[in-house]
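Kindly generate the complete structure, drawing on both the sequences and the hints.
Start counting the sequence shown at 1; every next residue gets the next number (full-length UniProt numbering).
The set of hints was computed from the structure by calculation and includes no laboratory data.
None of the values given here were measured: they were computed from a predicted structure.
The C-beta atom is built at its ideal place from N, Cα and C for all residues, glycine as well.
Do not take every clue at face value.
What the hints assert, rightly or not - DEER-style ranges, computed between Cβ atoms:
1. ASN57 with LYS11: 44 to 50 Å
2. GLN16 with GLY63: 23 to 29 Å
3. CYS17 with GLU61: 28 to 34 Å
4. GLN8 with VAL45: 32 to 38 Å
5. GLY63 with ILE21: 17 to 23 Å
6. PHE43 with LEU7: 24 to 30 Å
7. LEU18 with ILE54: 26 to 32 Å
8. LEU7 with LEU64: 38 to 44 Å
9. ASN47 with ASN12: 41 to 47 Å
10. GLU61 with ASN30: 18 to 24 Å
11. SER28 with ASN57: 54 to 60 Å
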Amino acid sequence: MGETQRLQSYKNKIFQCLITIFIWKAISGNIHYVVREETLKGFFVGNIPMDLGIDGNNLSEYGLWIATRTGMVQ
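Set out below in structure tokens:
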């Protein structure tokens with residue numbers, strides 16, 4: 001009887017891990033913008049906050065930042 005309970009416990013833990021991984025994958029993600037090297041400086045790439053569906057003035061409240069090769073913008 002103890003062996004059956006232990007096996008069921010392992011199955012439950014594995015199931016919980018799989019569900020956690022599935023949810024993590026579903027809610028996390030990255031947005032990538034590809035800009036050709038020949039693009040002129042100041043070229044409009046995209047509206048990142050709008051693509052994320054948030055207010056761009058409050059990025060830091062969401063714990064978000066925009067990383068560029070020249071530095072970071074929060």
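Distance restraint evaluation - GLN16, GLY63, Cβ atoms, bounds 23 to 29 Å: holds, 25 Å
CB of LEU18 to CB of ILE54, is that within 26 to 32 Å? The hint (26 to 32 Å, Cβ to Cβ) holds, given that LEU18 and ILE54 are roughly 30 Å apart.
If you check the beta carbons of GLN8 and VAL45, does the distance land in 32 to 38 Å? violated, 52 Å
Check the following: the C-beta atoms of ASN57 and LYS11 are separated by a distance inside 44 to 50 Å. holds, 47 Å
So the hint says 28 to 34 Å: do the beta-carbon atoms of CYS17 and GLU61 match that? The hint (28 to 34 Å, Cβ to Cβ) holds, given that CYS17 and GLU61 are roughly 31 Å apart.
Does 41 to 47 Å hold as the CB distance between ASN47 and ASN12, or does it fail? holds, 44 Å
Whether the CB-CB distance between GLU61 and ASN30 falls inside 18 to 24 Å: The hinted range 18 to 24 Å holds for GLU61 and ASN30, with Cβ atoms some 20 Å apart.
Does 54 to 60 Å hold as the CB distance between SER28 and ASN57, or does it fail? violated, 23 Å
Starting from the range 24 to 30 Å, see whether the pair PHE43 and LEU7 falls in it by beta-carbon distance. violated, 59 Å
So the hint says 38 to 44 Å: do the beta-carbon atoms of LEU7 and LEU64 match that? This hint holds: roughly 43 Å between Cβ atoms.
With 17 to 23 Å as the target window, see if GLY63 and ILE21 comply at their CB atoms. At 21 Å between Cβs, range holds.
In this structure, the hints that do not hold are numbers 4, 6 and 11, in rising order.
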